[in-house]
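Asker: Sequence:
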Amino acid sequence: FTISTTFSRMLSLPKVCKRGQVCHIYATLPEDASTSIIINVHTGIDVDSISINYDTFEKFSKEGKLNYTQPAESFIPPLEDIGSRVVHSAYLYNLLPDTLYSLQVVYAGNVLKSANFTTFPSSKMESNFTLIVGGDLGNTPTANSLNERIAPYNPRGIIMGGDIVYDNGDISCFYCWDAFLSQFEQLNEKLGRLVPLILLFGNHDLGLDPYQFIPVDHSTNLLYFYFPQHSTNTSNNTLEPKVPRIEDRR
4 FTISTTFSRM LSLPKVCKRG QVCHIYATLP EDASTSIIIN VHTGIDVDSI SINYDTFEKF
64 SKEGKLNYTQ PAESFIPPLE DIGSRVVHSA YLYNLLPDTL YSLQVVYAGN VLKSANFTTF
124 PSSKMESNFT LIVGGDLGNT PTANSLNERI APYNPRGIIM GGDIVYDNGD ISCFYCWDAF
184 LSQFEQLNEK LGRLVPLILL FGNHDLGLDP YQFIPVDHST NLLYFYFPQH STNTSNNTLE
244 PKVPRIEDRR
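Those letters in the sequence shown? Residues 4 to 253, per our numbering, in order.
Hints in this document: simulated from the structure, not taken from any laboratory.
Predicted, not measured: the structure shown is a model, and the values here were computed from it.
Ideal Cβ positions, reconstructed from N, Cα and C, are used throughout, including at glycine.
Distance condition first, Cα-Cα at most 16 Å in a straight line; then the derived EDC-like pairs of lysine to aspartate or glutamate: (1) Lys127 with Asp101; (2) Lys21 with Asp49; (3) Lys21 with Glu83; (4) Lys18 with Asp84; (5) Lys21 with Asp51.
Distance windows between CB atoms, simulated: (6) Pro81 with Ser54: 23 to 33 Å; (7) Gly67 with Ser7: 47 to 57 Å; (8) Ser175 with Lys65: 45 to 55 Å; (9) Glu243 with Ser7: 35 to 45 Å; (10) Pro74 with Thr241: 15 to 25 Å; (11) Asp101 with Pro74: 22 to 32 Å; (12) Pro74 with Lys21: 18 to 28 Å; (13) Asp51 with Pro155: 39 to 49 Å.
With the hints as extra help, turn the sequences into a complete structure.
Answerer: What follows is the structure, encoded as structure tokens:
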């Protein structure tokens, strides 16, 4: 027989992505982090498309406007109603290295969210910066306290080496990823900018677990859905500055 916990989630969990609102915003990195970044935004199910307006923080402070716009790639992951959302990802490129940028999330002419991000130094620059490396995070009091410990180091990026939320690739555990993103959104608020996430797969992200009773299915893995981390590879094996399709992500 089969036991479903869908009803208990509906009763016990809040709806994170409400209509007309941004519920998460975070950054991931393609190959060249000095000139490009991927901005990822989760919204309510009614926000079917967004654009990212952006410019350097310096120009925005002087002119009061953002001169560049990049439409996002948008899709609806197959989640149950309580977790439903649209996931948008915008690939920003031709950026200046080691530069603070400002952005706005725009839908139907309205600004839903504002944020800042900083590009990495180029290989030609002599610059020191801090990366935070960890793994086996989960959603525990210890994990939730990490922001207080990380913030004083002012990290440029965070590398998670697998076993990130222990969802075992089960798409019904979407709330684990909401808790994870909320942890790092607190850090972003402290630092006043989006700290890019670099995520690696562990066995508990894929569902390779001796006690796992559902099959491993990459086509429904939220780590693929939520975190594009490379450019699009074209038919002639060159990189194009675009968010890769879900089926092409790795």
